[in-house]
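Since the structure of chain E is already known, use the hints to place chain R on it.
Number of protein chains: 2
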Amino acid sequence: MSLSALLFGKPLRTSDERAEQIGPAAGIPIFGLDALSSAGYGPEAALTILIVLGAAGIQYIVPITIAIIALLAVVFVSYLQTIEAYPGGGGSYTVARENLGESAGLLAAGALMIDYVLTAAVGISAGVGALVSAAPSLQPHATGICLGILAIIAYVNLRGVKDAGVFFMVPTYLFVGTLGTALLWGLAKSLAAGGHPLPVAPPPPPGPALQAASAWLIVQAFASGCTAMTGVEAVSNGVKAFREPCARNAKRTLAIIIAILVFLLAGIAWLAHAYGIAAADPNAPGYESVLSMLVGAIAGKGVFYYVAMLSILLVLSLSANTAFADFPRLCHSIAADGYLPSSFALRGRRLVYSQGLLALTAMAGTLLWAFGGVTDRLIPLYAVGAFLAFTLSQFGMVFHWRRKCGPAAWRGILLNGAGALVTAITVVVVLAAKFLEGAWIIALLIPALFFAMKAIRRHYDRVTREIAAPGPLDLARLAPPLTIVPIIGWNAASKKALRFACTLSPDVEAVHVETEDDDGALRRDWAANVEAPAKAAGARAPRLILVASPYRYVILPVVDHVLAAARTCEGRLVAVVIPEIVEDRWFNRFLHSQNAALLKAFLYFQGGGRVAVVNVPWYLNDDRSSTTA
Amino acid sequence: MSLSALLFGKPLRTSDERAEQIGPAAGIPIFGLDALSSAGYGPEAALTILIVLGAAGIQYIVPITIAIIALLAVVFVSYLQTIEAYPGGGGSYTVARENLGESAGLLAAGALMIDYVLTAAVGISAGVGALVSAAPSLQPHATGICLGILAIIAYVNLRGVKDAGVFFMVPTYLFVGTLGTALLWGLAKSLAAGGHPLPVAPPPPPGPALQAASAWLIVQAFASGCTAMTGVEAVSNGVKAFREPCARNAKRTLAIIIAILVFLLAGIAWLAHAYGIAAADPNAPGYESVLSMLVGAIAGKGVFYYVAMLSILLVLSLSANTAFADFPRLCHSIAADGYLPSSFALRGRRLVYSQGLLALTAMAGTLLWAFGGVTDRLIPLYAVGAFLAFTLSQFGMVFHWRRKCGPAAWRGILLNGAGALVTAITVVVVLAAKFLEGAWIIALLIPALFFAMKAIRRHYDRVTREIAAPGPLDLARLAPPLTIVPIIGWNAASKKALRFACTLSPDVEAVHVETEDDDGALRRDWAANVEAPAKAAGARAPRLILVASPYRYVILPVVDHVLAAARTCEGRLVAVVIPEIVEDRWFNRFLHSQNAALLKAFLYFQGGGRVAVVNVPWYLNDDRSSTTA
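If you're matching them up, the sequences are chains E and R in order.
When we follow the numbering used here, the leftmost residue of the first sequence carries the number 1, and every step to the right adds one.
When we follow the numbering used here, the leftmost residue of the second sequence carries the number 1, and every step to the right adds one.
Just chain E, with the same shape it has in the complex:
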């Protein structure tokens, strides 16, 4: 077993695709981590806005969460429709592009790409932030820990979908299990106590009210809470990853994810209200998260508390995985349509789109590194991208249904129309509420990506136009090329190249640049070394052309000679046959001039279409070289 097979797994045959497909059990960790982990920060984000209302603010969390859950339900149902309609993978990009046209598709694509990069970076740094606040001695290593987790997630995903599913299963179910248990336990206590349970570990009292409740504040809290919905589109993008019947498995997976998420959100909101838990200022000393206070109030700060906190922390930092599952698929779809470099469309050794995966790792890593692992300020940004993609996808579905008929179509239009409307309003609300906090960056980045992708497609179209349909091969008037061999002296490498040149064409020139310390041996011995044997063999002898070099250049005179020859040599190509000595050990390469490589580069860039470069390698210490031709 080779080292690469050990590290990255054996290469998978294209025909092994089915074995890599997954069911709901693995689908939930892979596509659901992002959505589920949002329960860890969504309610907290809404409650943080409500801090200024003091104890009076807590009551609003229940209606706000109900609104969020209603929105989630609309989005859920319409994504079910999308999966049904696009069993080949119906991400927002595909749906918007097919139904609303290229521009809408690219808008959705740009929004989603940004969303995924942010998801990856923010997910990891949120988890590490929680870890660091629990163990402050790790503070100086925060960036390193972030990048380490990023590397692990990237590595697991490079090993293929199946391996990733197994890897992420344990933390996901641990999280759902412990947080779910805590919430059920709390609900039971709350019901037993008539809605006013006594906390085991009492949360700190809410701060004083600093202002009165206003509609705008409630809207802002709602917008912040909507971050709980990011990641819901993940399943619809990855339908192809599921085993047959794909669409049914994907829908089942999505339904389970949403059900768990709704339960977590509802439970948290209800219990936060019941226990009177307000958010704490994250910048104040002794800060504690809402979930920490809540689990403490329900279960006390014993072993269970620590297991629950650890699982939240794990899932937060692994939530980045959803981006890793979807971003490469998204890039594949975009690249297949010609809007991204074509290498994004290729599947690597483990059948994942390795290039997109590496691009995501690089971008998220850069963000984490640039922000020193503290990406709090990015959190407000990424709901915009997600909701813009939602909206375009919903509108796309409305147009999709319009082309069908029957009651199913009408139900579709109704559902997706409602979804489109609600999510569009949410985009506007989130954008307005978060514009100055940084959402303007997104408002600039999305158009930038949009135009970049259009330019890439235009470029590919031009290339295709230029090289396409050249007509049949024309083999009339085939003339052998003029062959030019740059030659430093008479040695085994140049002899081999010259003989090879003679097999290509009867028209061979050897070009020699005369340098300051030239001993003239090449010119002196040319008759004996080349002309005499050519005469004996009845072949045309290669001509020796000497070129002066007053400025000691050794490459430019050859290039000039070749270009001059190419200009006069109508209807034929010029083949420059370069003898090259290849070292057996890499470190010995530094001991030789890089003239062959430089000459190749010069001819490549300046040669135009009329010069072909031929490398004839001569291997040191290799018997094969000498036995050949």
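Hints were generated in silico from the structure; no laboratory data involved.
Heads up, a few of these hints could be off.
Unchecked claim - Reference excerpt, derived from the structure (chain E facing chain R, CB under 7 Å, subset only):
| no. | residue |
| --- | --- |
| 1 | Ala215 |
| 2 | Ile467 |
| 3 | Pro480 |
| 4 | Val614 |
Unchecked claim - Not everything, but these chain E residues come out facing chain R in the computed CB check (under 10 Å):
| no. | residue |
| --- | --- |
| 5 | Glu244 |
| 6 | Gly286 |
| 7 | Ser289 |
| 8 | Lys496 |
Said to hold, decoys possible - Output of the computed footprint for chain R on chain E, the stretches with three or more beta carbons under 8 Å from beta carbons of chain R:
| no. | stretch |
| --- | --- |
| 9 | 4-16 |
| 10 | 339-347 |
| 11 | 523-533 |
| 12 | 550-562 |
On a predicted model such as this, the values are computed, not experimentally measured, just so you know.
The beta-carbon is built from N, C-alpha and C at its ideal position, and this holds for glycine as well.
This is chain R only, laid out in the frame that chain E set:
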């Protein structure tokens, strides 16, 4: 005028060499800066050792300096002999190698190379150290200033010898002028005052005596003071840089440098004694250098004082230039003999050995950066290398004269023998006195360089043996190669490559790797696109070979096919003709797969001696492509 001509000067023709040659006026700044600037730290280094003797130590500086000057005289006379005997450039390396054999030459070469790198780094950091102690606010930028000065010196030298001479003339003569004036002034005052002049700005009193004088302490002080002699060999290395008569101009230059240096050393020693100036502990607060105290005592701390200090500082930091003048010449000589990569032997556009210059810059820059611009600890090291080279050179001269006869030869043997003896003793003394302070590093580095250079020569010898004298060209049984064209689809680039392949050989194969989304168009249209026109032209049609790729690899199947063909194709080479689409703009290159480049690399490394690679470029947006063949 192009940008590069503006920055680095117009390229100089090899025949313009004479115009770049210099006389003594430019020779003193170029080859003398190191020697002259040693007056700035040599006496101080000796006095620093004497600190422990308190006021009683000062008296020893005069006899120590007399010993140093005597040694200097011996070295001077024997270098005059060397220049006379080796008018083509008689560095220690050349002299030792020609007279004592390869090993002695390489020992001298290694010692000198280390010496020059240290000279460059220490010179700059000493100057910047003085600057920073005068203006402490610059402290945080010390490394940056060091690297900036290094870059300036490297740049000026890249512009050629003549330009460098002009650039370094002003600071050199300013230094000699002001320090010389100060010393003459002091001597006059001292004579007028009967040997006990009154200081204008009194130096701080010497510290208390901590121990009694011992022979070993005096020897150590002498060894430290010998750093004043580094740089003396510079002229002998660069004889070729002088205009005709080279040897006479070089000797005159050396004589002037030594005369000035002797005057400076003697004056400093005498006046330090007369004014009772002891060195201060460089690590103590309020540290002041010996020269600063001396000039202050003579002239007071007015404008003259500051001009003198500035010129000392300038010359110290520019003393690195001597290394830049000599190191590339030294590397050239070594490379010409095959002990260093051959590129060190080539002269760049301005007739300087650019590669050696850049190597020196890189190594000195690394030292400066690694030590944060504080290279005090390196100072003790570099006298060892210099004196080892002196000794080998002197011994070499003794053997040189032994082969001559007549009185001149006897005088030579006597003088160089004396020089050899004295400098050999000095090596031992310096090595013993400085061994634990770091000279052991030099004792390790010199042998390391020695063996590395031997290995390089051995490698070149092997290569030469392998490729040399291959006998005359053999043009019997010329058979056209088997030509293989990797082809992705039927487009203009592959059509051009295929037609070119047909001009090279009648035996052409097109290899196509079938990937997952292959539409089969290539196979379907092969008869129409290729076979029919070939039949019409009466030519043999290229065969289409389809290769499966279950793991989606696109390069390896082609490589495997080529290698298999090469194995079965006795007595012929295989020419792989690679169609390559060349973008008109560099940034567009990222939009295309690098498969052509990767395939080339694979074939280059694995192809052995039987595969030649042919690039047929197809230029986008370029009419030349389409008009050709």
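Going through the hints against the structure:
1. Because the beta carbon of alanine 215 of chain E sits about 50 Å from the nearest beta carbon in chain R, more than 7 Å, this interface hint is broken.
2. Given hint, isoleucine 467 of chain E at the interface with chain R, holds; its Cβ is 4 Å from that chain's nearest Cβ, closer than 7 Å.
3. At a threshold of 7 Å, the smallest CB-CB gap from proline 480 of chain E to chain R is about 5 Å, leaving the interface hint in force.
4. Proximity of valine 614 of chain E to chain R holds as hinted, the smallest CB-CB distance being about 5 Å (cut-off 7 Å).
5. At a threshold of 10 Å, the smallest CB-CB gap from glutamate 244 of chain E to chain R is about 19 Å, leaving the interface hint violated.
6. Among the interface hints, the one on glycine 286 of chain E is violated; its C-beta lies about 37 Å from the nearest C-beta in chain R, farther than the 10 Å criterion.
7. Because the closest C-beta pair between serine 289 of chain E and chain R is about 41 Å apart, greater than 10 Å, the hint is violated.
8. For the restraint placing lysine 496 of chain E at the interface with chain R, the shortest Cβ-Cβ distance is roughly 8 Å, inside the 10 Å limit, so the hint holds.
9. Interface restraint, the stretch 4-16 of chain E with chain R: holds (5 residues with C-beta to C-beta distance below 8 Å; minimum three).
10. Coverage of a stretch by a chain is defined here by at least three residues with a beta carbon nearer than 8 Å to that chain's beta carbons; for the stretch 339-347 of chain E and chain R the count is 5, and the condition holds.
11. Three residues within the 8 Å Cβ limit are the bar, and the stretch 523-533 of chain E against chain R gives 5, so the coverage statement holds.
12. Coverage of the stretch 550-562 of chain E by chain R holds. Counting CB-CB distances below 8 Å, 3 residues qualify, and the rule asks for three or more.
The structure does not agree with the numbered hints 1, 5, 6 and 7 stated previously, though it agrees with the rest.
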